[in-house]
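Mind docking chain G on chain W? Use the hints.
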Amino acid sequence: MPKLPAEDRHRASFEQRRIQRFWLLIGITALVAALFVPFSQIFLHVEYDYTLRTVALGGALLGVVSGVLGCFAVLRHQSLLGDALSHAALPGVALAFLLAGRDLGLLLIGAGLTSWLGVHFIRMVTNTTRIKQDAAMGIVLAAWFAAGIALLVYIQARPDASQAGLDTFIFGQAAAIVERDVQLIAVVGAASFITLGLFWKEFKLITFDAEFAGANGFRVNILSMILSTLIVVAIVLGLQLAGVILMVGMLIASGIAARQWTDKLGQMIILSAVFGAFSGSAGAIVSAVDADIPTGPLIVVVAFLLVVISLCFAPGRGLVWTLLRRHSDRRRFAAQTILHDLYHYAMDHGAPATPGETLGERASRPHLGSAVPEAFLVGVRGATARVGLRQLSARGQVQQRGDAWLLTPAGIEAATKDDHNHQLWAVYRQYSDELALPMVAEDRQQDIRNFLPGEAVEKLERQL
Amino acid sequence: MSGHNGHDPHEISTAALDIDDLTVAYNSKPAIWDIDLRVPEGVLMAIIGPNGAGKSTLIKAALKLIPRAAGTVQFCGQPYEQVRSLVGYVPQRGSVDWDFPTSVIDVVTMGLYAKLGWFRRPGRQERMLALHALEQVGMQDFAERQISQLSGGQQQRTFLARALVQDARIYLMDEPFAAVDAVTERAIITILHELRARGKTVVVVHHDLQTAKEYFDWVTLLNVEVVASGPLAETFTPKNLRQTYGGRVAYLYDDQSAPATGEE
Chain W
0 MPKLPAEDRH
10 RASFEQRRIQ
20 RFWLLIGITA
30 LVAALFVPFS
40 QIFLHVEYDY
50 TLRTVALGGA
60 LLGVVSGVLG
70 CFAVLRHQSL
80 LGDALSHAAL
90 PGVALAFLLA
100 GRDLGLLLIG
110 AGLTSWLGVH
120 FIRMVTNTTR
130 IKQDAAMGIV
140 LAAWFAAGIA
150 LLVYIQARPD
160 ASQAGLDTFI
170 FGQAAAIVER
180 DVQLIAVVGA
190 ASFITLGLFW
200 KEFKLITFDA
210 EFAGANGFRV
220 NILSMILSTL
230 IVVAIVLGLQ
240 LAGVILMVGM
250 LIASGIAARQ
260 WTDKLGQMII
270 LSAVFGAFSG
280 SAGAIVSAVD
290 ADIPTGPLIV
300 VVAFLLVVIS
310 LCFAPGRGLV
320 WTLLRRHSDR
330 RRFAAQTILH
340 DLYHYAMDHG
350 APATPGETLG
360 ERASRPHLGS
370 AVPEAFLVGV
380 RGATARVGLR
390 QLSARGQVQQ
400 RGDAWLLTPA
410 GIEAATKDDH
420 NHQLWAVYRQ
430 YSDELALPMV
440 AEDRQQDIRN
450 FLPGEAVEKL
460 ERQL
Chain G
0 MSGHNGHDPH
10 EISTAALDID
20 DLTVAYNSKP
30 AIWDIDLRVP
40 EGVLMAIIGP
50 NGAGKSTLIK
60 AALKLIPRAA
70 GTVQFCGQPY
80 EQVRSLVGYV
90 PQRGSVDWDF
100 PTSVIDVVTM
110 GLYAKLGWFR
120 RPGRQERMLA
130 LHALEQVGMQ
140 DFAERQISQL
150 SGGQQQRTFL
160 ARALVQDARI
170 YLMDEPFAAV
180 DAVTERAIIT
190 ILHELRARGK
200 TVVVVHHDLQ
210 TAKEYFDWVT
220 LLNVEVVASG
230 PLAETFTPKN
240 LRQTYGGRVA
250 YLYDDQSAPA
260 TGEE
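Chains as they are written, first to last, in numbering that gives the first Met the number 0: chain W, 0 to 463; chain G, 0 to 263.
Worth flagging that the hints you see were computed from the coordinates, not collected in a lab. Everything numeric in this text was worked out from a predicted model, so none of it was measured. Virtual Cβ for every residue (Gly too), placed ideally from N, Cα, C. Treat the hints loosely; a few may be bogus.
Restraint ranges, calculated between C-beta atoms of paired labels, are given here [unchecked claim]:
#1 G:Glu193 with W:Asp340: 47 to 53 Å
#2 G:Leu115 with W:Gln40: 50 to 56 Å
#3 G:Glu143 with W:Gln40: 43 to 49 Å
The shape of chain W in the complex, shown without the other chains (with noise of 0.2 Å):
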């Protein structure tokens, strides 16, 4: 099959624009967040103190954290799994505590375990019961949760002073971060991308198509359980600042809201991260704004926030696109099926023709004068039809006299090229492989010369 390269500019033209979007997105983001820095500064009277600047970076590079490493959540249509998996991690929380006593590092290995059981307790469940995976999640979800949330009362009601403040696990504490917390973050969130980018084609391979990788000799159940190890280390880290109860939030927001802005996985994850860290940073800084405005909900707050923004701009998945598009396209179509009827309309009950002639030729043909346009529609009912004559007669291509409507010469050459148009598609679905023309979808309502290159719609007119 013969290159072509009219086609090839557009495709690369069509992905440098895509390229060019998720940068542009990316810098709007970093605008965005270095402008909030200054207007919380003036309008809300933030302080960035030392503590601010723990927390912010902190929120930041946690979000970054289960940005990315939510993503695969999403994808592998696991959402839900976080929140299994951070609620199974308070247990783990007050068990460290009896066992150990109050100390960050054993309280989040302990809640990493409980959690990781949680994982696995799941994933045998579904594999070798009836029960589906949504219960054995609602199951371990409500279960783990209750044991903890049992043992964390019976922690309080001890006379031991270092039990106090415990239950922020619950709903996460923000001012409780430290730098030596932040550095945390900072060294397993690295070696978890470094072990995401390891196994990056073995993981983007078990979540598209787990099957196939079994089949190809991949260890399918080591790489998933990898990748669920890296959820629970997301989760485990953004406990003390968003808690059980939000952090599945900061989990998926991110890479849902990623998800509407490109098909590509790659870009899907970067974005996440941004988003992450917008979301992470923005709303440590926003519940600065008073001592009593709790942290972790407020990021949660506004990465949902991401998300509704994003469910409804992004370009081609974007909500309101598809409103705007949806009205521009009734309009389209009702324009283009009124000037077709006429036309059609014309061709039947118009002057006498010789067949085969379209309009076009017939008012080229001078003794015919100004008996031509007789295409007149009488009696126009449904609101379709108003709409599309609406158009017409905005654009001049039909002229409306007394009761009914007439082709002008500009509608009646705007009909002859859509009659053409057709035909031409017509042909290049018959004809299509004979003619080794590239492969596009068809869609009638467009010109064909859109969508092939010059010596393709040639080779089409020549089979007319």
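Then chain G, alone, in the frame of chain W:
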């Protein structure tokens, strides 16, 4: 010794696929029972049977995707672990989420991941191979297309290209003709015939009795147990089909020229 078009494949010493006593059970009810099956090299074989006969289960168990209760499976005389690169697999296209953020050529390249080994990323050479495979299935113009924009037939061709790029010796395909239009079906069968002409062995889970005669040269009739297996002419008989499907189906294929005049 590569079999050409399956002329008297009984002579060939090692079968492409050799299954012994294979049993798979779900909740102590056997999905397939004591399967013994020899597929000679170079044939294009259909596995045919009613719904729930265990056709997909047979393929998946052969590839160790689901646990076996008993039995051994050998590809070209070797256990699967040692000859993975000789076996290409085409799963049912409904088994994945087509809204995954990736492009057609990316999916095809996945067929090469196993060959690449750990930690290595696909590069220019892999891209060329993938493009070539796409050309074979007539999808070269769709290389950069997002997979969410594909039609069912195009999805199936993408999966086929992903298996072709592996350049395997034996292909196992799970219902490649399910819900595709006539043109796609024609394109796929052309590819399968090309594979056979190149001496490959192709095993296809197939539903349609009407086309089976025309497409395949070897057939296995399956309903939990193997009813019959062998060259199409000897195996695809009314008696065997009756044993596979029960009586009501027998007249369907029996004599295409004679319209069904009731069962007798």
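| Quick one: are G:Glu143 and W:Gln40 within 43 to 49 Å, going by C-beta? | At roughly 46 Å between Cβ atoms, W:Gln40 and G:Glu143 fall inside 43 to 49 Å, so the hint holds.
| message | Range first: 47 to 53 Å. Now tell me if the beta carbons of G:Glu193 and W:Asp340 are that far apart. | response | 48 Å, holds
| query | Falls inside 50 to 56 Å, the C-beta gap from G:Leu115 to W:Gln40? | reply | Taking Cβ atoms as reference, G:Leu115 and W:Gln40 lie about 51 Å apart, which means the hint holds.
Going down the numbered hints, you'll see the structure goes against none, and every one checks out.
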